[in-house]
Every structure is written in structure tokens, then in C-alpha cells.
Amino acid sequence: MQTTLNLKHQENPVNPTFANHETFHPRFGWLKKGFDAAKKNPGVFLQDDAPVRLGVGKNMVRAIRYWCSAFKLIDKSNSPTAFGEKLLGNNGWDAYLEDPASLWLLHWNLLKPTCEAAAWYYTFNVFRDLDFTKEDILAGLQDYIKSFDKKIADSSFIKDISCILRMYATQDFSRDNSPIEDSIDCPFNELGLIRHFGKSYQFKIGAKANLPASMIVATCLEYASWANQDSNTITIRKLLYDEGSPGMVFKLTESVLFGAIEKVAKEFNAIILEDTAGLIQLSLPENPEILAEEILDRYYLREQS
Numbered sequence: 190m191q192t193t194l195n196l197k198h199q200e201n202p203v204n205p206t207f208a209n210h211e212t213f214h215p216r217f218g219w220l221k222k223g224f225d226a227a228k229k230n231p232g233v234f235l236q237d238d239a240p241v242r243l244g245v246g247k248n249m250v251r252a253i254r255y256w257c258s259a260f261k262l263i264d265k266s267n268s269p270t271a272f273g274e275k276l277l278g279n280n281g282w283d284a285y286l287e288d289p290a291s292l293w294l295l296h297w298n299l300l301k302p303t304c305e306a307a308a309w310y311y312t313f314n315v316f317r318d319l320d321f322t323k324e325d326i327l328a329g330l331q332d333y334i335k336s337f338d339k340k341i342a343d344s345s346f347i348k349d350i351s352c353i354l355r356m357y358a359t360q361d362f363s364r365d366n367s368p369i370e371d372s373i374d375c376p377f378n379e380l381g382l383i384r385h386f387g388k389s390y391q392f393k394i395g396a397k398a399n400l401p402a403s404m405i406v407a408t409c410l411e412y413a414s415w416a417n418q419d420s421n422t423i424t425i426r427k428l429l430y431d432e433g434s435p436g437m438v439f440k441l442t443e444s445v446l447f448g449a450i451e452k453v454a455k456e457f458n459a460i461i462l463e464d465t466a467g468l469i470q471l472s473l474p475e476n477p478e479i480l481a482e483e484i485l486d487r488y489y490l491r492e493q494s
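Each residue of the sequence shown is one higher than the one before, counting from 190 in my numbering.
No wet-lab data here; the hints were simulated from the structure. Among the hints, a few may not be true.
Just the calculated beta-carbon pair ranges, DEER-fashion [stated by the list, open to error]:
{"no.": "1", "residue 1": "Gly395", "residue 2": "Lys247", "range": "37 to 43 Å"}
{"no.": "2", "residue 1": "Ser472", "residue 2": "Lys247", "range": "49 to 55 Å"}
{"no.": "3", "residue 1": "Asp325", "residue 2": "Glu463", "range": "21 to 27 Å"}
{"no.": "4", "residue 1": "Gly467", "residue 2": "Ser494", "range": "37 to 43 Å"}
{"no.": "5", "residue 1": "Lys265", "residue 2": "Ala398", "range": "33 to 39 Å"}
Straight-line C-alpha distance at most 20 Å; calculated EDC-like pairs for lysine to aspartate or glutamate [stated by the list, open to error]:
{"no.": "6", "residue 1": "Lys221", "residue 2": "Asp283"}
{"no.": "7", "residue 1": "Lys393", "residue 2": "Asp320"}
{"no.": "8", "residue 1": "Lys397", "residue 2": "Glu451"}
{"no.": "9", "residue 1": "Lys323", "residue 2": "Asp343"}
{"no.": "10", "residue 1": "Lys388", "residue 2": "Asp283"}
Built from N, CA and C at the ideal position, the CB exists for glycine as well.
Produce the complete structure using the sequences and hints provided.
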């Protein structure tokens with residue numbers, strides 16, 4: 190979206206940093222609390238009385254700062270970003286994150302370039318197994334980091350993996366009655382992206398009841414604005430399977446993506462599917478990120494009315 194980042198010349202999809210969350214996943218209310226505090230005073234996170242101002246422990250202050258930055262709600266100087274204002278500002282789309290669609294938008298924003306949560310980027314965009322264990326992701330991360338010519342301790346990987354699973358995994362009580370530690374305190378469980386049973390996990394592929402078509406199409410357009418900037422079309426396959434695509438980030442199927450595009454096309458004439466010799470592509474307007482923002486503006490306006 191135009192309100193997020195100018196990604197036209199973005200070269201680095203991910204910054205290979207790990208375990209900056211102080212072992213805390215984002216909890217209910219943290220992002221709004223951190224954003225509002227930074228808006229009043231960008232230096233709040235570095236002040237001695239920050240724990241008192243934010244009502245949390247010292248390590249949690251650092252975690253809130255990290256998550257607000259990782260979700261691109263605040264910038265490197267801790268000032269609110271345009272995206273942060275658009276979503277959580279006084280007249281924002283969803284200032285108190287009451288709509289699950291906003292969690293999907295934040296999930297997308299966490300993983301888009303430049304992603305400051307490398308283990309998250311790997312798990313959703315690079316790792317391709319549907320059924321997996323913690324050990325599978327660890328082995329994958331150990332191999333993945335080699336491409337960055339950087340040495341990361343396994344303990345950092347393990348902290349990130351544990352945080353990812355607490356953040357996203359929902360319990361399958363029909364198969365396992367043991368609770369997931371701390372997971373009840375994380376809003377992103379509501380997305381239902383990962384199922385958990387015993388020592389195994391599974392990505393939920395396909396339709397998500399609380400993922401609106403508008404969110405899918407808006408992120409497709411934003412993705413195309415940097416991934417396909419030299420073309421006026423983008424293939425459905427690219428939108429589904431390429432690293433960093435909505436299909437990977439949201440774990441979509443072809444039928445779900447088609448359904449979303451067809452639904453939004455009824456509202457926006459600029460959304461057009463083309464079939465060229467059996468190759469189905471989404472036609473792109475001159476500035477797809479602007480149309481993406483218009484789609485979200487209309488979605489939130491409709492939801493609030």
C-alpha cells in the first residue's frame with residue numbers, strides 16, 4: 190500500500206536478524222499501546238520509566254518496541270509510520286484491532302520487505318513442508334542462514350521457532366488435550382494458520398473464514414508493485430507460490446485466490462483476470478499499490494458503517 194513503504198527498488202526482502210523479541214510474542218494490546226506511546230514520545234522506549242509508562246516489565250518494553258518496528262508501525266527512530274497511522278491512528282482503519290482482517294494485514298506487513306523477523310520469513314515463505322516438527326524448522330533455518338554468510342547460534346533459532354508456534358499455532362483438541370503454553374494470550378492464534386497436535390504441526394492451506402477477499406486482493410496488488418514492477422500483468426502462479434507472495438504468506442489455494450479476485454472485481458473495474466493461451470494472469474493498473482489502498486479504504490469503511 191502506498192501508506193506502507195516505497196518498495197519499488199527494494200532489494201533485500203529480509204534482514205537476517207533473529208531472537209530480538211526477548212522471547213515474547215505480541216500480546217493483546219501491545220501494538221496499540223506501543224504505537225500510541227511512540228506517537229506521543231518516540232523516545233519512550235529508552236526512558237528509565239518506560240516500564241511504568243507502558244505498564245509492563247523491562248524486557249517487555251524491548252519486546253513491544255521490537256514488534257511495533259517489525260510490523261512496520263514505527264520506523265527506526267521509533268516514530269509512527271504512515272502505515273501505523275493508517276491502521277492505528279485516531280481515525281485509523283481499525284485503531285483497536287477489533288477486526289481479524291487487521292491481524293491478517295499485520296501478518297502480511299511483518300513478512301513484506303524488508304522483513305525484520307527472518308525466522309518468520311523463512312517459516313512462511315521458504316519452508317515448504319505442510320506437516321512438520323520444531324526440529325524440521327530448525328534444520329531448515331540452519332541451512333537457510335548459510336546463504337547470508339552469517340553465523341547464528343542455534344539457541345536464537347530455537348527461541349524464534351518457539352515464539353512462532355506460540356504466536357500462530359492453534360490446538361487440535363480432538364487429537365491432543367495438552368494446552369499450548371501462552372498461546373491464549375496471542376491475537377494471531379485467531380488466524381488459524383498453524384494447527385498443533387502432540388509434537389507435530391501443520392499449515393492450514395486454503396480458505397480462512399476471517400480473511401476477507403479485499404485483504405487478499407489488496408496484498409496481491411501490493412506484492413505485484415515490487416515483485417512485478419516491469420510488467421502490467423502478474424501470473425496467478427506467481428501470486429500463489431513465489432517467495433513473499435500472498436499465496437505463501439496466507440497459505441492460499443488457487444480456488445481461494447480466484448474467488449477473492451472475482452469477488453473484488455465486482456466492486457473495482459480495474460481488477461481484471463486475463464487468460465492468454467491458458468496462462469491466467471491478473472492485469473495490473475499503472476500504480477497497483479494505490480488501488481490496493483483504495484480497496485482497503487472501502488473495506489474498512491464498509492465494516493465500520
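Verification of the hints:
| no. | hint | in the structure |
| --- | --- | --- |
| 1 | Gly395 x Lys247: 37 to 43 Å | 42 Å, holds |
| 2 | Ser472 x Lys247: 49 to 55 Å | 51 Å, holds |
| 3 | Asp325 x Glu463: 21 to 27 Å | 38 Å, violated |
| 4 | Gly467 x Ser494: 37 to 43 Å | 41 Å, holds |
| 5 | Lys265 x Ala398: 33 to 39 Å | 36 Å, holds |
| 6 | Lys221 x Asp283 | 10 Å, holds |
| 7 | Lys393 x Asp320 | 10 Å, holds |
| 8 | Lys397 x Glu451 | 17 Å, holds |
| 9 | Lys323 x Asp343 | 12 Å, holds |
| 10 | Lys388 x Asp283 | 36 Å, violated |
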